[in-house]
Amino acid sequence: MKPARALPGYVLPTVAGLLLVVAAVASLFLGRVNLSPADLIAGLASPHPNLAGLVVTELRLPRAVLAILVGGALGLAGAAMQGLLRNPLADPGLLGVSNGAALGAVISIYFGLAHVFPLATPLLGLAGAMGAGALTFAFGRGSTLTLILAGAAVSSLMSAFLAMALNFAPSPYAAYEMSVWMLGSLAEKSWDHILLAGPFILIGMAALATLGRSIDALTLGEAQAESLGFRIDRLRVIALVGVGLAVGAATSVVGSVSFIGLAAPHLVRPFVGYQPSRTLLPSTLLGAVLLLVADIGTRVIHTNTELRLGVITALIGAPFFFWLVVRLRKVAP
Amino acid sequence: MTLLTANGLTVRRGGRAIVDGVSFEIEGGAFVALVGPNGAGKSTLLSVLAGLLAPEAGEARLDGTPLARLDRRELARRRAYLPQNPRAEWPIATERLVALGLTPHLPAFGGLPGGWEPRLTDAIEACDLTAQRYQPATTLSGGELARAMLARALIGSPQVLIADEPISGLDPWHALDTVARLQGLAGAGKLVIAALHDLTLAARYSTHLLALREGRVAAFGPTGQVLDAALIRAVFDVDARIAGQGAQTLIDYRGPA
Amino acid sequence: MASALRSLVLVVAAFAVGGPVASAAGRAVPQRMMSTNVCTDLLLLELAPKSRIASVTFLAPEAARALFPGAADGIPLNHNSAEDVVNVRPDLILDSGLSTPLVRTLARQVGARVVDVKDANNFQDIRDVLRQVGDEIGERPRAEALIARMDATLAGLAADPPKKRLRVVAWSGGSAVPGKGSLTDAIITAAGAENIAARPGASESSFGVEELLTADPDALLFGGATLGQPSLLNDEGQHRVVRELYAGRRIAYSDIAHTCGLPQSADSAVALRRALAALPPKRAIR
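Protein chains in written order, with the numbering used here: chain Z, 1 to 333; chain W, 1 to 257; chain R, 1 to 286.
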């Protein structure tokens, strides 16, 4: 009896891809300023610089592209982590990388390094991510359990330093700005941000994409996967580097965005027969869709102060967790 | 003919020798029962023989080539390994679990040439799993999962099968079924090495016996010749009476020695 | 800095003429005055002689540097904590209402009088605050002199309005833009320009790049973080579109004169008017 929900391989990526296109186009038409589609199209067509054209090409388009990159990176990293750790609650932040990236970026901004040269913030964010990842690996190498524990330890260490940065902020405003930055935002991002972070995100994602077969083999446990020719220690390094680059670069540009990496693979898994390698591409696409939709939400929901991206993803993510628990209670004895 | 040789294999942990100078040589067409008390080093030895653990001293060779020098995928194609109490981490369909055994045969990109459908169906039928083919692997019963893991191990047609306690937790029917299959594999020319606790089944189905105590080889040779009450007392500290021989052997435990 | 020099000269003159007198309520003039927030720090430094100032906050030296450099040299610094109150033993504390209850309790215990000085959001507030503080510290004549100078400056601005009322916004990133009812708004108005963020409702609101482009102001004003330290606002203001479209049309202002209501806030309006007059013609983006 074929289980009802394992769909043919092309269905889910196609559906997710279509959703992504729809969301991306929608995000071009939605924003704080009401511009009718006709205006926007006329603006794009016109050879002279004009308001509508500028809004689309310099504001909304880079914002959409960045949302897709970041959302895709988070979704893929989440799927890879869950496959590697064989745990549906794994999340890219487990390796301490997200907090490391936040710390690096915050250090760059608040010690004024961002003014010395423009690449400072994403680069320091990346350095923070890789440093945190290296620390996790150094302490956690040996088994998957120690990796997770080391990741938790490094995460708390980074949080401690973040708190210290807040504590010793050079001015009272700076502390406020740091906290608000960490809530995550895609607002006012430009092509500059994409040029800086994009390559790292893409390289990291490429590394993670190679893990497909290995995470399938890990369904049998580490011993059998090794016997099938996979080197688990090498896989851990690839995962660390991939998550470090992709999630590190993404976090250093956009701030901390939660739940996408956790939720996307989860939503996708039942439709691919729970097979880890088949979750990778759909999680990437779905992550991008989720983040785009959340970002559209920050623009469309009218608030006086800017509604931050991380707030929306957290407000949606927490109920998702509750729903998970309820579902598990029904299924498990 | 496949040849597996072990020469002075030694593994230390925490200053203690878990495996201590193990040497033996065995050809394909044999079913070696690896026996010994708990903590004798059986699992560790099997890991070394499977090429998954590097010994501190000594080396194991497959057809003359040291395991350490074999390319990982090449080794994966030629030998299959089943650890103790294997489990499926995700509820994937049983057929997908079995198909994982073909991973070392896959080219860098894409699937198997000629498709893997026919081989998958054969493997599933050979292990009597047709009814469970599409069932999530995590819902299989103990016996069904054991057969599925075995199918996974055999689908790639390895020369060597190394199994660590393949019948632990199985009911009598499934235990008998499994050891009978292992015997059949040996009859077909493969080399099977399996750690077993059930000496009666070892006596009835295995062709050779490798007895381990405190990491050292206590005895190695054809089962009929090597397995006797003296060996059982020496290795297990247990008095036993052996009745019958060959397929009718019965090991009757009397009590601690 | 000419305006700062001018005010310094006036203060010295007032000192030479008046000298400390009994404060309005007939109390003895306080001799050990302490300030617990940066705005009252600056008021104190501007109005009182150093000898009577017992302590200013750690933020004062940096803040004073923009307006009257060196004014805070040699004065012990405090962190607006209860311990500081006990160490300094002031007889008067100028506070903005943000001190903890413990500070106030200890103030009572050491015999200090706590004076709450409100935030100034427009020039009338500045006058009220100056008079209040002047009274409390016994420097009313000097306060009046500063008010008179400020009023003269404002009158000068009002008497000679610019030909065209330019549209500006104080924008450095979009998450907090001073709107109607803020001091920046008052300064912009005094300079003869229109603050396009002066919408009815919140005095601070979100104003992203899209809104900025649509509103299409003539110039952008920006200050750094409150005390000239690096912060996120500096970084976010660098969106590529803003940089290109508003190159040469971004006017910097001294944060401190916009955050704290000081007589120098009027000078800020003068500087703004001058800068606006010097703007090149704008390139249209429609």
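Hints listed in this document are in silico derivations from the structure and should not be mistaken for laboratory results. Just so it is clear, CB atoms sit at the ideal spot from N, CA and C, and this is done for glycine as well. Be aware that a few hints might be false.
[To be verified] Label-pair distances were calculated between CB atoms; the ranges are:
1) R/L102 <-> Z/D39: 51 to 61 Å
2) W/T121 <-> Z/L18: 42 to 52 Å
3) R/T105 <-> Z/P319: 37 to 47 Å
Results for each hint:
1. Distance hint check: the CB atoms of R/L102 and Z/D39 are about 58 Å apart, consistent with the given range 51 to 61 Å.
2. In this structure the hint that W/T121 and Z/L18 lie 42 to 52 Å apart at CB is violated, the actual value being about 35 Å.
3. Look at R/T105 against Z/P319: about 45 Å separates their beta carbons, and that is inside 37 to 47 Å.
Against the hints set out earlier in the document, a violation occurs for number 2 only.
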